Amino acid sequence: MGADLFEIGVNTAKLLVIFLMMVQIVPLLVWVERRGSAYIQNRFGPNRVGPLGLTQLLADAVKFIFKEEFIPDKNRRFIFYAAPVVALIPGALAFAAIPLSIPISVETFELFGQSWGPYTFLFQGYEVGIGIVFVLGVSSLGAYALLMAGYGSSNKYSMFGALRASAQMISYELALGLSLVGILLIFNTFDFQQIIDAQKGQMVIAGNALPLPNWGIFYQPIGFILFVIAVFAETNRLPFDLPEAESELVAGYHTEYGGIKMNMFYIGEYGHMLVASGLMVTFYFGGYNLPWFLPQAEELIASYGNVMAAVILHLVFLAKVGLFLWIFVWVRWTIPRFRYDQLMDLGWKTMLPWALANTIITAIVVFWMRS
Amino acid sequence: MSNELLFAILLQAPLVGFVINGVRFQSKDYKFAGILACSAMAISFACSVILSSRLLSMDPANRHITSTLFDWISAGSFNAEVGFTVDAISAIMILVITGVGFLIHLFSVGYISHDERPSKYFAYLNFFVFNMLLLVLGDNLLVMFVGWEGVGLCSYLLIGFWFTDREKAAAGMKAFITNRIGDAGFLLGIFFLFMEFGTVNFQDLNALAPAASLLSWGEPLVLACLFLFIGACGKSAQIPLYVWLPDAMAGPTPVSALIHAATMVTAGVYMIVRLNSVFMAAPDVMMIIACVGAATALIAASIGVCQNDIKKVLAYSTVSQLGYMFLGVGVGAFMPAMFHLMTHAFFKALMFLGSGSVIHAMHEEQDIRKMGGLKKALPITSFTFTLGWLAIIGIPPFAGFFSKDEILWYSFASDRGAPFLWVIGVIAAGLTAFYMTRLMALTFWGKSRVPADVHPHESPATMTIPLIVLGVLSVVGGWIGIPHVIGAVLPGHPPNLLEGWLHYSVAKITLPQDAHVMEWILMGVSLSVAGLSAIFAYDSYVRNPDRPERLAKRYSRLHNLVYNKYFVDEIYFGRIINPLIEASKGLWVYIDVNFIDKATYQASGFVKSLGSSVRTLQNGNLQTYALYIALGAAIALSFIMG
Amino acid sequence: MAGDSILFYALSFLIIYFALGVLMNPNPIKAAFNLVLAMVGVAGVFFHLQSGFLGGVQLAVYAGAVMVLFVMVLMIFDLKKERDAFSQGFLGNIGKLLAAGIVVSLVINNVILSSDLQLATSNAAKAESGRDTTKILADLIFTEYVFAFEVLGILLLLVAIGAVSISRIKGGTHADS
Amino acid sequence: MLTVDFVNIGLNHYLILSAIVFVIGMLTVLLRRNLIVMLMGIELMLNAVNITFVAFSHYNQLVNGQVMVFFVMTIAAAEAGVGLAICVSIFKRFKEVNISLFENLRG
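Residue numbers (the numbering used here), protein chains in the order written: chain A, 1 to 371; chain B, 1001 to 1642; chain C, 2001 to 2177; chain D, 3001 to 3107.
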C-alpha cells in the first residue's frame, strides 16, 4: 500500500497509463490488421485518410461514438449494457500484472518544502506474488462478458455464439494452464519478475554455455506450441473464432451490438491478445531482457541511468510483444476456421494429452536435475 | 528386500492372481489364466525360498521373522494384530504349499484346458493358496482362523466346481457342513485358550503353556485342547468327521491333490504342532489324539482295501495317512509328524496327479476295474506312480519309509506312546501296502480291461513335468530326516537335518536312549509286514485274479461291512441328521409359527401403524427434507452453543 | 488499520449483497451472475487474507469454470418465465426462516461472546507472504495430505465419467410424463 | 455486556461474515425452487465455509486450513459437475427443473 501521497499518486497514474496503453493500442492494431490483411491478400487496404491511412482510425472512432444506439426489446437491458464493460475488465486486470520493464528507483528529493522518498516504482500496474495464477484466474472471467452479451441480446445467434465461446474457453483453459506448468516447474516460481530474472544471459546446461539466450522457449518448445494454440483459442480469434463465425452465426455474441459498445468488445479482444503476447514474451522470450550478447539491465543502468534503462528495456518488451501481435494478425489471415467438432477434438484429445505428457516429463527431468 | 516386503509379495501374489482371474471369470482363455496363476505361485515360491534361506542364516535358538501389519481388534485387554511369522515350522509349510502348489497349478493348466470356466478355477485355486498362507503364517489364532475359514470356503467352491452335477454340489456342501462342526470346536478352543491365557498369539501361548503342565480333566486348558482337536478333526478328516473327504473327490483331481491331500487337510496337524507346548500340557488329550489317529489310520486303510474308484482309494489312503500324523502328534512326535506331513504332501500329491493323468487318459473313467495294463500306454505316469507307491508303503530309501518309521518308533517308545498304538500302526501299514499294491496292480499291471472305445494316451508336458518333479521329491524327500540309528550305519553318517531344523521349535519328548536294537527290530517288523502284504496283494491281483473273489465270498459279511465303509454315512444319516431334521421340523411347525412369527407380525403391525401416522412428514418435497435438516442443525447448535 | 477495515467492509458488503442477489433474484441466470460476483468477492477476501494462491484458484476454478458451467446449463434450458421461484406454504417458509435465523444468531452470538477466538486479532498475523504460503501449501498437499489428494483425483475422474454417462441417459420409466 | 470492535478487523469479523453468507446459501437451498439455483445455494454455503478456513488459517498461521479449502473446492467442482449432469437429464425428461414438480416419492 502506498506510504504517502506521492507514491499513491504515482501508482494511480501508472494504473491509468497502463489502462490507456491497452485501450490506445487498439486503433493501431486495427490499422495493422487491416493493412496486414490487405498485404497478405494482395490489395491495398485503408490508404485514403491521412498518410498510409493512419488517420482512418480517428474517423472510425468518431463514427463509432456517434452511431445510433440499438437496444434489444427484452427486459435484459442491464446485462446487455454491462457485457461490453465486463469485456474490458479481465484484459486490463491481467495486463496490469505483467512487468513491462525493470523497476525504477527514485532517490530522496525535496518538493514543496518536504523531503520525499526514496521510492522504488515497479514498471507494472501492481505486483501480485502469485503472478500467473492471478492472470489465469482473472482472464478466465472473460467468458462472462460473452455469456452476458449472448444472454442480454435475446437473440439465438448471440446465444449460440456465447455458448460456443464459453465452452471453447473452459475447454482450452485446461491445456493453457497445463502447458504453463512445465515452465513454472523449471523456474520454480509463480512470480513474473523472478521468471524474467531467471531468463537473463546465456543458456548454460551442465556447465557448458550454449550459443542461445537463456529463454523459456529453449527449455519448453512443446509447452510453447501448446501455449500459443491455447492462447489463440482463448482469444477467440481465427482459426478459433467459432463464437462469431459469420457464415454460421451472423456475428455471434456481438450480433446485436453496434457503435461504441461494439468497439469495447474489440478493445477486450485486443486486450486479450496483448495479455497473451505479454505472457508469451514473459514466459518464453525472456520478458524485457535483451539477448546475452547485447547489454543487460545492469550495464544499461550503469551507462544510461535507471530511468533511461527502464525506457529502453520497455521498448525491447514492446518490440517483442509487437512481433507476437503481428503473428496473431498473420495467422488470422492464413489459417481457415475449424469445425466445431475439430475444435473440441483438438482441445481435449490432442492438446490435453500432450500438455499432460509435457508436464510429467518436465517434472521428472526437473526432479532428476535437482536431486 | 525387507522382510515386510517379502511377506507382502508372498501373500499378495496369489491374491492378485485371484483378483485378476476373478474379475475376468467369464474368460475361457485357459492359457492366460494358467500362466497368471502359475506365475503368482512361482513368485510366492521364490519368496518362500528367500524367507527360508534367511531363517537358515539366523541363530537356531531364535529362528523367526515376524511382521506386524496393523492392530486388528483391540478391546480392553484383548488385542489381536494382523501379524505374520515365519519360523522353522511354518517355513516347511510355506515351502510345501507354494512349491507343491506351483507344480499342481502347472498340472492344472493341462488338466483344465477343456473346461468351461478355467479363469474361475484358477481364481479359486489362487485364493485357496492365499488363505492357506494366511493360515500358516498368521502369528495368532485369529489370523489362522481367517485362513482356516478361507480354505474351507475354497474347498467348498472347488469340490462343487462342477456344480451343475447335483451330486458334486452336494459333496461340496457335505464338506462345508462337516467342516463347520469342526470350526465351531476350533472357535470354542480359541475362546478357552483366551480365557486361560488372555492372549491368542502363538509365541505367547507356547511361552505360557508349560507353566500349567499335566492338567487333569475339566481344566479350561484341557477343554481348549479338546475343542481345538475337534477343529483339527474336521479339517483333517479324522474320526468321526472324516466322511467328507472321500466325497470331496468329486472336485477336479488337481484340487484333490492340492487341497485334499497336500495342504488343507494337514492344517489340523500343523495347528497342533504350532501349539505343541499347549498340547503337551494336556497328556490326556494327547492320548485321545493318538488313539483317534491310530483308529482313523486303521479303519480308513481297511475301507481303502475294498474301494474301486481310483480317487476314493487315494482319499481313504489320505485319511489313513492323516491318521498317522495324528498318531504322531498324539505321542509327541511333532518332528516326525511334520516330516510325514511333508513327505506325504510329495507322494500323495504325486499319486493324485498321477490318477488325474490316468483319468484324463481314460476319458473321465475312474473305476479301476475298467483299467489295467496302463503301464505301456502311460509310461511316465506309471513310472512316477510307482515311485509314489514305493514311498507310501514305506520301502527304504523312499521318502515315506523314514517318516512313517519315525512315527511308529515314537508311538512305541516315547513316554506318551504305548505298544498297542504301535501294533495298530503296523497293521495299518500292512493294509496300506495291500491296498496301494492292489491299486497299482489293477491300474497299471496285469491284463488290460480297458473298454475298446477308449485309447489311453500319455498326458502333455505340463502334466508330466510336475509328476516327474514330485516323483524325484518322493524319492529324495525323506533324506533330510534320516533317523539317527540309520544315519549311524550309513556311509558319511548323514545327520537328521529336519530334527536339527525343528529342534528349538517343538516340545521335547523323552525317548529311551540306547535302544537301537529295539528300534532296528521294530523297523524290521513293520517293513516285513508291509512287504509281505504288498507281495500278497501282488500275488492276489496279478497272479491269481480270482482269489479276491473267493475271499470276498468266504468272508462275505466282513466284506460287505468294509465294502460299504462300515455304514458310517448311513449311521450318521439315520441316527444324527434325520432326527435333527425331524426335530427342527417340529420346532418350525409349532414354535416358529405359533410364537416367533406371531411376535414378529405383531411387532411389524405396531411399527406399521406408528409409521402411517407420521408418514405425512415424508411428502416427497426435497425442500421440506432440507428444512428438517436445517431445523435439526439449529436444534443441535442450540444445544452446543445456547 | 483503517485501510484494512475499509477493504473488509467493502468486500463483505459486496459478498452479502450479491449473495442476497442469488437468494432474491427470480431470474436464475441473473442469480448465477450474482453468484459469480459473490465468488469474486470471496476471492478478494482470500487475497486480503494473504492466501493469494487460493484466491487465484477460486477465480480460475470456481468463478471461471464451475460457474460458467452453471450459466451454460441455465442458458441451454432457456426457461421462459420462472414459475414459483420461491417455495409456497406459509408455515414451511416461516420454519425455514426461523431455522436460518436461529443458526445465524447462535453463531454470531457465540463468536462475539467467545473469548477464545478473540485471542487472535489482526495484529497477530504478519509473517506470511503470499508466495511462501503457496510453497507450504504445496508441501502439505504432497506430503501430509497426499492420500486425500490422490483420492480426490480419483473422485474427479469418477465424476467426469459419471457426469458424462448421467447426462447421456435417455428414456426411462418417466420419459413421457 | 457486548462490546464489538468495528474498527480492528479480526477473526471474529470473518466468522460473522461467513455465518451470514452460509445462512443466505442455506435459505437459497430452502426457499428457491429451481434445482440449479439450489445447487448455487450449496456453492454459496461451501464458499462461506472456505472463508472460515482461510480466516482461521491466516490468524492461526497454519496452512493446513488452506489445504482444506483446496479440497473443498475440488469437492465443490465435482458436486457441481454431477449435480448439473443430473439437472440436465431431469430437464431432458420433464422439460422443467422446478423442484416442486418432483414429489413422486411421497410417503
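Hints in this document: simulated from the structure, not taken from any laboratory. Every value quoted in this text rests on a predicted model; they were computed, and no experiment measured them. Warning: the hint list may mix true and false statements.
Restraint-style ranges between C-beta atoms, simulated for each label pair [as the list claims (entries may be wrong)]:
1. A/F70 / D/N3064: 53 to 59 Å
2. A/S37 / D/V3007: 56 to 62 Å
3. A/V106 / C/I2136: 39 to 45 Å
4. C/I2154 / B/F1078: 53 to 59 Å
5. D/V3007 / A/R77: 53 to 59 Å
6. A/T334 / C/I2154: 39 to 45 Å
7. B/E1570 / C/I2154: 29 to 35 Å
8. B/F1078 / A/K349: 39 to 45 Å
9. C/F2142 / A/N208: 46 to 52 Å
10. D/F3006 / A/I104: 24 to 30 Å
11. A/I104 / C/L2158: 50 to 56 Å
12. D/L3062 / A/D197: 51 to 57 Å
Below 27 Å or equal to it, Euclidean Cα-Cα: the simulated DSS-like pairs (lysine-lysine) are [said to hold, decoys possible]:
13. A/K200 / C/K2135
14. A/K14 / D/K3095
15. C/K2135 / D/K3095
The beta carbon of each residue, even a glycine, is placed where N, CA and C say it ideally should be.
Tested hints:
| no. | hint | result |
| --- | --- | --- |
| 1 | A/F70 / D/N3064: 53 to 59 Å | holds (55 Å) |
| 2 | A/S37 / D/V3007: 56 to 62 Å | holds (59 Å) |
| 3 | A/V106 / C/I2136: 39 to 45 Å | violated (34 Å) |
| 4 | C/I2154 / B/F1078: 53 to 59 Å | violated (36 Å) |
| 5 | D/V3007 / A/R77: 53 to 59 Å | violated (40 Å) |
| 6 | A/T334 / C/I2154: 39 to 45 Å | holds (43 Å) |
| 7 | B/E1570 / C/I2154: 29 to 35 Å | violated (58 Å) |
| 8 | B/F1078 / A/K349: 39 to 45 Å | violated (57 Å) |
| 9 | C/F2142 / A/N208: 46 to 52 Å | violated (33 Å) |
| 10 | D/F3006 / A/I104: 24 to 30 Å | violated (39 Å) |
| 11 | A/I104 / C/L2158: 50 to 56 Å | holds (53 Å) |
| 12 | D/L3062 / A/D197: 51 to 57 Å | violated (31 Å) |
| 13 | A/K200 / C/K2135 | holds (24 Å) |
| 14 | A/K14 / D/K3095 | violated (53 Å) |
| 15 | C/K2135 / D/K3095 | violated (48 Å) |
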